[in-house]
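Protein chains in written order, with the numbering used here: chain C, 17 to 432; chain W, 80 to 449; chain H, 28 to 319; chain S, 8 to 302.
Any given hint could turn out to be false.
Stated by the list, open to error - In silico lysine to aspartate or glutamate, DMTMM-like type, Cα no more than 25 angstroms apart, as pairs:
| hint | chain 1 | residue 1 | chain 2 | residue 2 |
| --- | --- | --- | --- | --- |
| 1 | W | Lys256 | W | Glu107 |
| 2 | C | Lys247 | S | Asp163 |
| 3 | W | Lys256 | W | Asp195 |
| 4 | C | Lys189 | S | Glu145 |
| 5 | W | Lys153 | W | Glu238 |
| 6 | S | Lys54 | C | Glu82 |
| 7 | S | Lys299 | H | Glu210 |
| 8 | S | Lys69 | C | Asp227 |
| 9 | W | Lys288 | H | Glu210 |
| 10 | S | Lys58 | C | Asp254 |
| 11 | W | Lys209 | W | Asp250 |
| 12 | H | Lys281 | C | Asp296 |
| 13 | W | Lys198 | W | Glu180 |
| 14 | H | Lys174 | C | Glu114 |
| 15 | H | Lys281 | C | Asp365 |
| 16 | C | Lys222 | C | Asp365 |
| 17 | W | Lys261 | W | Asp377 |
| 18 | S | Lys238 | C | Glu272 |
| 19 | W | Lys435 | W | Asp377 |
| 20 | H | Lys281 | S | Glu145 |
| 21 | S | Lys54 | C | Asp362 |
| 22 | W | Lys288 | W | Asp190 |
| 23 | W | Lys298 | W | Glu109 |
| 24 | H | Lys281 | C | Asp254 |
| 25 | W | Lys186 | W | Asp232 |
| 26 | S | Lys299 | W | Glu132 |
| 27 | S | Lys24 | H | Glu75 |
| 28 | W | Lys435 | W | Asp399 |
| 29 | S | Lys58 | C | Glu82 |
| 30 | W | Lys257 | W | Glu109 |
| 31 | S | Lys24 | W | Glu132 |
| 32 | C | Lys67 | H | Glu105 |
| 33 | W | Lys142 | W | Glu109 |
| 34 | C | Lys291 | H | Glu75 |
| 35 | H | Lys174 | C | Asp296 |
| 36 | S | Lys69 | C | Glu114 |
| 37 | H | Lys281 | C | Glu322 |
| 38 | C | Lys189 | S | Asp163 |
| 39 | C | Lys288 | C | Glu272 |
Please keep in mind that the hints were generated in silico from the structure rather than gathered at the bench.
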Amino acid sequence: MRLFGKTLTAAAVLVMSTSLVMAEDVEVLHWWTSGGEAAALNVLKDDLATKSIGWVDMPVAGGGGEAAMTALRARVTAGDPPTAVQMLGFDILDWAGEGALGDLTSVAAAEGWDTVVPTALQAFSKADGKWIAAPVNVHSTNWVWINKAALDAAGGKAPETWEELVAVLDAMKANGITPLGHGGQAWQDATVFDGVVLGIGTDFYKAAFIDLDPAALGGEQMAEAFNRLIKLRSYVDDNFSGRDWNLASAMVINGEAGMQMMGDWAKGEFLKAGKVPGTDFVCIRFPGTQGAVTFNSDQFAMFNVEGEGAVAAQAAMASAIMNPTFQSAFNVVKGSVPARTDVPNDAFDDCGKKGMADLAEANGSGKLFGSMAHGHAAPAAVKNAVYDVVTAAFNGEYADGAAAAAALAEAVAAAQ
Amino acid sequence: MGFLDIRNVTKSYGPVQVLHRIDIAVEEGEFLVLVGPSGCGKSTLLNMIAGLEAITDGEIAIKGRVVNGVHPSKRNIAMVFQSYALYPNMTVGQNMTFGLEMHGVPKPERDRALADVAKLLQIETLLDRKPGQLSGGQRQRVAMGRALVRNPDVFLFDEPLSNLDAKLRVDMRTEIKKLHQKLKTTIVYVTHDQIEALTLSTRIAVMNKGHVQQLGTPKEIYDTPANLFVATFMGSPAMNIVPATVVMENGHPHAALTDADGGVHRLRFSQANLAAWEGKPILLGIRPEAITDPEGADRKSGNIQPFSNRVTVTEPAGSDTFVTMTLSGKDVIARMRADANVTPGQSFDFAINMEKAVAFDPATEARIPA
Amino acid sequence: MAAVTQDTAVSTGRITRTFIYLVLVLFALFYLLPLYVMGVNSLKPLNEITGGNMMALPSQWTLEPWRSAWSTAQIGVEPTGLKPYFLNSILMVVPAVAISTIIGALNGYVLTKWRFRGDTWVFGLMLFSCFIPFQIVLIPMAVVLGKLGLAGTVPGLILVHVVYGIGFTTLYFRNYYASFPTELVRAAMIDGAGFFRIFWRILLPVSGPIAVVSVIWQFTNIWNDFLFGVSFGGTSQPMTVALNNLVQSSTGVKEYNVHFAGAILAALPTLLVYIVAGRYFVRGLMAGSVKG
Amino acid sequence: MATEADFRTRLQDWLPKLVLAPSFAVTLLFVYGFILFTIVLSFTGSKMLPKFTWVGFENYEKLFALPAWNTAIVNIAIFATLYIVICTVIGLMLAIFLDQKIRGEGMLRPIYLYPMALSFIVTGTAWKWFLDPGIGLERIMHQWGWESFSFTWIKDGEMALYTIVIAAVWQTSGFVMAMFLAGLRGIDNETLKAAQIDGASNWQLYRRIVIPLLRPAFLSAFVILSHLAIKSYDLVIALTGGGPGRATEMPATFMYSYTFTRNQMGIGASSAVIMLMTIAAIMVPYLYAELKEKK
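Chain C on its own, in the form it takes in the complex:
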């Protein structure tokens, strides 16, 4: 409880400082507009309201924040940035590079964020040793969601290796269902590909996607990864193109499809449909990636704001985001896991508990990597270059894996 005490004192200090200067509003740009997410954000909003800090909402939904980022660019260019902006991975560092972000180091130091936030996450929350963003959650992306009934029909054993996965998929195909529920959108293709690459080897993933080593990107292992991706394409129905991910989840939920390779946000769909983890559906790590986690993390990047009151409100908001109670409440709803490792797991379900444990383990063993598909492995330009090749490969535009690997190396080089 010592830790909590520390947080509370820091909060108390902040409350005092905010009451000294006039309390101001925080303006928040985000794309969490669906019911559950918005409800979770409301926890934060109400928390701030108790400190007399108003919440000015600026929601911009669509495409994982693409529209929001356009709006943000206009706001920053106009010299009128919002207080806090929901942001992913390298975008945060890019904005820090532009000198547009504020400094949360004093709050972070007072609350000891350095010790509780996983190091791999800190890479995106800090720039030049300064805290610039408050992480809200950690999504891990290398999950597979399997319909229990379909799995039982296909042998009942959750696959642990690539070969077992192929066997299960084949069995499902033989049983007359679509083995893989998938939506043909670039980021979904890339999410699957993250798992495939990580399954070939954690070192390989790091070399190819984190270090962007040309040899790894164009090499034989990458060719193998593309071959596996092309193999997975054969388990997808013809109507996959452009399908939203939640519709793919629905296919798994109602037994039309056997499994979906998707981040932990998919769990919400299963829960909302009244399905129970373990009995109706099974959550496993992408076969071959047990013990390793690719993640993405929603963070609130704090922009430079003018005036003492505004800065104080911003600090108070950052503090509130990092509050363990909020972290727990929000992530239970969102399906992700808290961005700090010291949050009690009581409120989480089995998959959530497993996710928290995996995160802690991967963090300890150095197998926690940013997800390429979700912009946490490489900057946007590289990410999109990877998207281009992965999507093309998934749609059968390359003769074989080797050709795709060569194209990937070339595209990444061009984007850097």
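Following the hints, complete the assembly by docking chains W, H and S onto the known chain C.
Frame of chain C; chains W, H and S shown alone:
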């Protein structure tokens, strides 16, 4: 100094000069008609008087006041447009009093002026209608009424009758003439119709290519056209122009012509100074009504010359019969009495009133003065 | 309608006429299709949509999706529905349409009745603004709005829409006024009316048809704009941005019936404008813009 | 020139220009200033926000080396051609048909026109559904008993572009119809009667007399359609999002994604410059001819 003075006025659009040093003085109560083919600059000149177009050089004065640069509304003029330019959204009454309203004339006074003019033009019953509900003749009256209400120094008319059908045009022409005689206003009137010009005006300025070709009374213009252009433009059918050579016979200058069958005719000029042109070619101008059958010839004329020629076409037109023949290779029209016994293809005896003949210098196209 | 229903001198046989009617009705169905899909599915409960035929009529009619889209759906952190954003859009669209139409009318008036040297050049330059892709002006526009202190405000948004609307409105009015007799303007000048008085008393009263075209055009463009709204709307975001938030929400069950209801709600004003003023549209186009 | 121009007259001389001046100034800044800004940007190494580090033609070289840009160019060429031709043909046909003293014209006209009033943010979902084989047309046909019916264009990289053409035609052909209808109604009836007396059949009447007389409407339609085609963005995003894969990438979507989501503003700007040049190549001759004619 006249009532309306146009002094050395020119107009250019960039390098193109459309009016060349126009110089006209209009007296009070005069009815000046500017006539000419389209593009001759007559409307431009009118617009410059109105102030609708800027004056490039020279000056225009109304009642002794130079009005260059003065806003149209401050020149105390009124204008009747070709399309009448009635405001489609206003009633006839509103149309007519709009100008007074703009000049801040109080309502009772406007109504009085309106009533007077409406009575004069007999359009009292139309005052509440919109222009769209009026016939062409009614619109014409309203347009004039709008000008009259203002009681301006000068009336400007821009081809006001050209949108009317033939019958109405003649009626309105008479009406305008009556109005002018009654009100004694000063009018500048633009038309391309030479009959309007001759019937209405007290003076005519015939214009072509930006120049005033001739300025004079209708009679001067008709009888002694300054040049070939004026001669052929004014009068209908147009004046016959025939190439001829001046020869001397008995000490008098004669015009030598060839008829349709190659026979040579010599017609004596009344104009003695043409002796100087002996042996030279000229253009002989004779109005159709100066070539008649012998019985129809002008008794008062002292110089009727007979000659015979073969007739090509006859055109009975009710009151007259027009006869076409060939003289010196040109078609020539003669005007006979309606009962003249003329047959196409036959030879016929004509009488030419050489007192009315004019001669032009073929090189300059100017009339050779007497 | 007299001017519009002026008949052609063409006469057609019975078979031809049947064929013509058939084609016309088929195309009408084609045009109505998306609206039908939206309408029908906005009146169904969600389970009927995910299970059933998208063309089928609801077996259980419900207005709940409409109520939800209007007043209770989650747009941001607050479950406000589209209602408050509707007002934002109105506050932005009405002044923007009015200002751009008036400026366009004045410009058209100057360019046809008060011609000066180089006026066609000025007009040509202004016209090109119709054809500029809006994505490219986003960043420089943000700089300018920031400098003016108008970023994220309704007046800022109005400014943007007026700026990129006057090209079109000027075009419309210019072509319309071009066929308006210049003699009327001259008559009014002689009558003593000044620049604004002529415009106000003589031209404006007869500008109805083209004003309708201009208003329809501007209203639909501005109402439907998303890019400027999301970038410069700040916290007073227009309806389109809210609709996008409703439809594009990243996670959670997609309530298609609510989405469709919301979409129709968002489109209602423009639909209304087309239906009410549409009959003047062809007349207005006839009165000039096509000749451009 | 004027010797005694009074103040009011001089003011009247200046007023028109004063009235026009703000619009002109605004256009200079917000259109030409911004175009200039974009051109400058395209020669810089801007990534996330504008940065004025000069890189010469590097962005253009990169741009034309990108397969996606070449796809976009090919796509816009196919799309624009089909879109303009089909819209014109349908618009003209509907206008001619509607002009035959049709009963219910008052009903049909708004139906044809209304798609122009709707943004694809509104109709996008409905279209996506309709074209989706699993939910839309294909499934309906199957449910209605036509089992062999297949319509999977939107899922097919080769054919997806044509679904965009369909939706685009849906949106604007009615508007084009209105322009042609206005043109038809503006044609002098006596001309048509004269042609009929000369013995022209209906077909000849339209081909030889009416359609040539509609030249201004054709030109207006061409200009409006071509600029809509080049600017088409909402449509693509709503229907295919540029997919399957990047099969339906268009210059407008390309430019947007490089400028705003890929943090390669320099390349985005260079693609914008190419787009502007294309638009100018179409518009400038048209404007020149039109304005010269009117002088």
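Q: Take the C-alpha atoms of Lys256/W and Asp195/W, compute the straight-line distance between them, and say whether it is at most 25 angstroms.
A: Status holds; Cα separation ~19 angstroms.
(Q) Given the hinted pair Lys69/S and Asp227/C, is their Cα-Cα distance within 25 angstroms? (A) With a Cα-Cα distance of about 23 angstroms, the restraint between Lys69/S and Asp227/C holds, given a limit of 25 angstroms.
Q | Holds or violated: Lys54/S to Asp362/C, with C-alpha atoms at most 25 angstroms apart | A | 44 angstroms, violated
Q: Take the C-alpha atoms of Lys281/H and Asp296/C, compute the straight-line distance between them, and say whether it is at most 25 angstroms.
A: 22 angstroms, holds
Q) Does the structure keep Lys256/W and Glu107/W at a Cα separation of 25 angstroms or less? A) 16 angstroms, holds
Q.
Run the distance test for Lys257/W versus Glu109/W: straight-line Cα separation, threshold 25 angstroms.
A. 14 angstroms, holds
(Q) Next pair to validate is Lys298/W with Glu109/W; report whether the Cα-Cα distance is within 25 angstroms. (A) Holds: Lys298/W and Glu109/W sit about 15 angstroms apart, inside 25 angstroms.
Q.
Check whether the Cα positions of Lys24/S and Glu75/H lie no farther apart than 25 angstroms.
A. Between Lys24/S and Glu75/H the Cα gap is close to 63 angstroms, so the pair fails against 25 angstroms, i.e. violated.
Q. Can the restraint linking Lys435/W and Asp377/W be considered satisfied, given a maximum Cα separation of 25 angstroms?
A. Roughly 10 angstroms separates the two Cα atoms, so the pair holds.
Q) Are the Cα atoms of Lys153/W and Glu238/W separated by 25 angstroms or less? A) 23 angstroms, holds
Q. Between Lys222/C and Asp365/C, is the straight-line Cα distance small enough, at 25 angstroms or below?
A. 30 angstroms, violated
Q.
Holds or violated: Lys69/S and Glu114/C, Cα atoms, limit 25 angstroms.
A. 23 angstroms, holds
In summary, the numbered hints that this structure violates are 10, 16, 17, 18, 21, 22, 27, 35 and 37.
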